[in-house]
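Letter by letter, the chains look like this.
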Amino acid sequence: MRYYIGAEARLRRTIEDTAMSVFAAWSYEEVITPSVDYYDLFEQGMGQAEAQRGFRFTDNDGRLLALRPDVTSSVARMAATLLSERPRPLRFCYAALVFRQQPQSHAEWRRENTQLGCELIGGGGHEADLEVLRLAAEILSRLNLQSSYVITINNVEIFNGVAAHLELPATAREQLRRLIDTRETAELQRFINGFSNSEGRAFLQPTQLTGKRDVISAVRNVITNARSVAALDSLEELWTAIESLGLADHFEIDLSDVSSLDYYTGLSLKVFVHGAGTSVGRGGRYDGLTGNFGRAEPAVGFVLNLDALTEVLARRMTNV
Amino acid sequence: MITIAIAKGRMQDDALALLARAGVRVAEDARNSRRLALTDDSGRYRFIFVKPADVPVYVEHGIADCGVVGRDVLLESQADLLLPLDLGIARCRIVVAAADAEIMTRNLGMLRVATKYSQIAGAHFGARGIPVEIIQLSGSVELAPALGLADLIVDLVETGRTLRENGLTVVDEIAESTGKLVVNRASYQLKADAITQLVKALETALNGGGSV
Numbered sequence: 514m515r516y517y518i519g520a521e522a523r524l525r526r527t528i529e530d531t532a533m534s535v536f537a538a539w540s541y542e543e544v545i546t547p548s549v550d551y552y553d554l555f556e557q558g559m560g561q562a563e564a565q566r567g568f569r570f571t572d573n574d575g576r577l578l579a580l581r582p583d584v585t586s587s588v589a590r591m592a593a594t595l596l597s598e599r600p601r602p603l604r605f606c607y608a609a610l611v612f613r614q615q616p617q618s619h620a621e622w623r624r625e626n627t628q629l630g631c632e633l634i635g636g637g638g639h640e641a642d643l644e645v646l647r648l649a650a651e652i653l654s655r656l657n658l659q660s661s662y663v664i665t666i667n668n669v670e671i672f673n674g675v676a677a678h679l680e681l682p683a684t685a686r687e688q689l690r691r692l693i694d695t696r697e698t699a700e701l702q703r704f705i706n707g708f709s710n711s712e713g714r715a716f717l718q719p720t721q722l723t724g725k726r727d728v729i730s731a732v733r734n735v736i737t738n739a740r741s742v743a744a745l746d747s748l749e750e751l752w753t754a755i756e757s758l759g760l761a762d763h764f765e766i767d768l769s770d771v772s773s774l775d776y777y778t779g780l781s782l783k784v785f786v787h788g789a790g791t792s793v794g795r796g797g798r799y800d801g802l803t804g805n806f807g808r809a810e811p812a813v814g815f816v817l818n819l820d821a822l823t824e825v826l827a828r829r830m831t832n833v
Numbered sequence: 189m190i191t192i193a194i195a196k197g198r199m200q201d202d203a204l205a206l207l208a209r210a211g212v213r214v215a216e217d218a219r220n221s222r223r224l225a226l227t228d229d230s231g232r233y234r235f236i237f238v239k240p241a242d243v244p245v246y247v248e249h250g251i252a253d254c255g256v257v258g259r260d261v262l263l264e265s266q267a268d269l270l271l272p273l274d275l276g277i278a279r280c281r282i283v284v285a286a287a288d289a290e291i292m293t294r295n296l297g298m299l300r301v302a303t304k305y306s307q308i309a310g311a312h313f314g315a316r317g318i319p320v321e322i323i324q325l326s327g328s329v330e331l332a333p334a335l336g337l338a339d340l341i342v343d344l345v346e347t348g349r350t351l352r353e354n355g356l357t358v359v360d361e362i363a364e365s366t367g368k369l370v371v372n373r374a375s376y377q378l379k380a381d382a383i384t385q386l387v388k389a390l391e392t393a394l395n396g397g398g399s400v
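If you read the protein sequences in the order shown, they are chains D and R.
Here the working numbering is used: the first residue of the first sequence is 514, the next is one more, and so on.
Here the working numbering is used: the first residue of the second sequence is 189, the next is one more, and so on.
Don't read these hints as lab results, they were simulated from the structure.
Any given hint could be a false lead.
[Unchecked claim] Below, simulated DSS-like cross-link-like pairs (lysine-lysine); rule was C-alpha separation at most 30 Å, straight line:
id, chain 1, residue 1, chain 2, residue 2
1, R, 304, R, 196
2, D, 725, R, 379
3, R, 239, R, 196
4, R, 304, D, 725
From a predicted model like this one, the values you see are computed outputs, not experimental measurements.
With these hints in hand, go ahead and build the complete structure from the sequences.
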């Protein structure tokens, strides 16, 4: 529970305006979605585990409602239903409060957060991925954070391909995912030794999973299943585009970022800024989502956490 | 500069000795002082000494970039951290102990468990479907069965001497605990070079290599 007063409120508003003006310049239309909706929507949109972090309550007629724990679910349904006739791609942006209970990370969690977000629906391929990455980079540099942000990118299909190749049952897959996500090298070694198949070894050197292009070439020696290789190719192609835009200093490949596998279907990204102890934004490709609402099509997007950005920039102003 | 939070107590001396072998040295007089924040000889690392349970808190919030703390504390805190290195120091076990080993099979109602580790104990018995009442204590847990406060305890055991002297035996082992290097998720990306360097130096020291 947080108050913003005077200068801080102005700063927060400026950050929001900056982001929204960058979105507008890239032809993203603002969308305002209901803050209270039926809980089913969010379970379809986010998956049960995430949706259950929302605040839930019942209507007079007994139906289960929720304060929106995310905006993407609503936008995806809107695209699939209300706007099904509109020509693709659709570009939407928003600055909206989301509400969550139960911390995933104690440091990150607030009951309410304002997300500055965008969704590009109906656009696939690298052009769409690159577009949202450039948008995120442009917003951060317009906020004068150009020397202090890092965006990490990964393709979740690299891990999914390895897990499928190892024929892991769901619990073992989750265990492997967690060990890679927390970089528990020693435990990971023990886990992988139990398999004759050696592809899991690619994840054994966590310090070599984060970096620039060489990260990809390094794991190519170990990972050979078709699904992962296709994802590696795709990630490398994206990296080439990032390099040619001169943005390589601001981006890192992080193959061990496997935190939200069941949501994303390709690119995943996280935004880090000096001065913030947790990530200040995240996003990726979620081609499976709109299908839940009756119209499967590619989609990609990200959100930045306005409250976290305000905190970083406010501290920076007082330190100058 | 990298800030490292170190758990005071059992972990502290082992951690500093290991760091010294990895080439991160703290001057003798500073180490013997009672200051809670120190800088190493090279000026690249700052150490803060905090209670074990506070290490995950400092690191998760990014106040400290790294920390050295036991797995027992991490299991209990449920903090969202990276754990790139097992330092193998301060090795001990988290066990279930009782005065009467047969209590587990004889008492089928509600067992009372005294512990400092309510999360670990709750998860352990919960996973086995054993109904327990957890009694949270903050120290001298071994006393609880003798005084009738609890049937069982869940606690850390190094040599087992304290248990024996209080008439307790180990009924079950929950997990082994050693000191871990933990890293803040944002620092891992934003100070990647410095942290990779630290991890590698510690790895070399652990594998018996000399100091840099």
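To see whether the hints hold, each was checked on the structure:
no., hint, verdict
1, R:304 / R:196, "17 Å, holds"
2, D:725 / R:379, "15 Å, holds"
3, R:239 / R:196, "6 Å, holds"
4, R:304 / D:725, "44 Å, violated"
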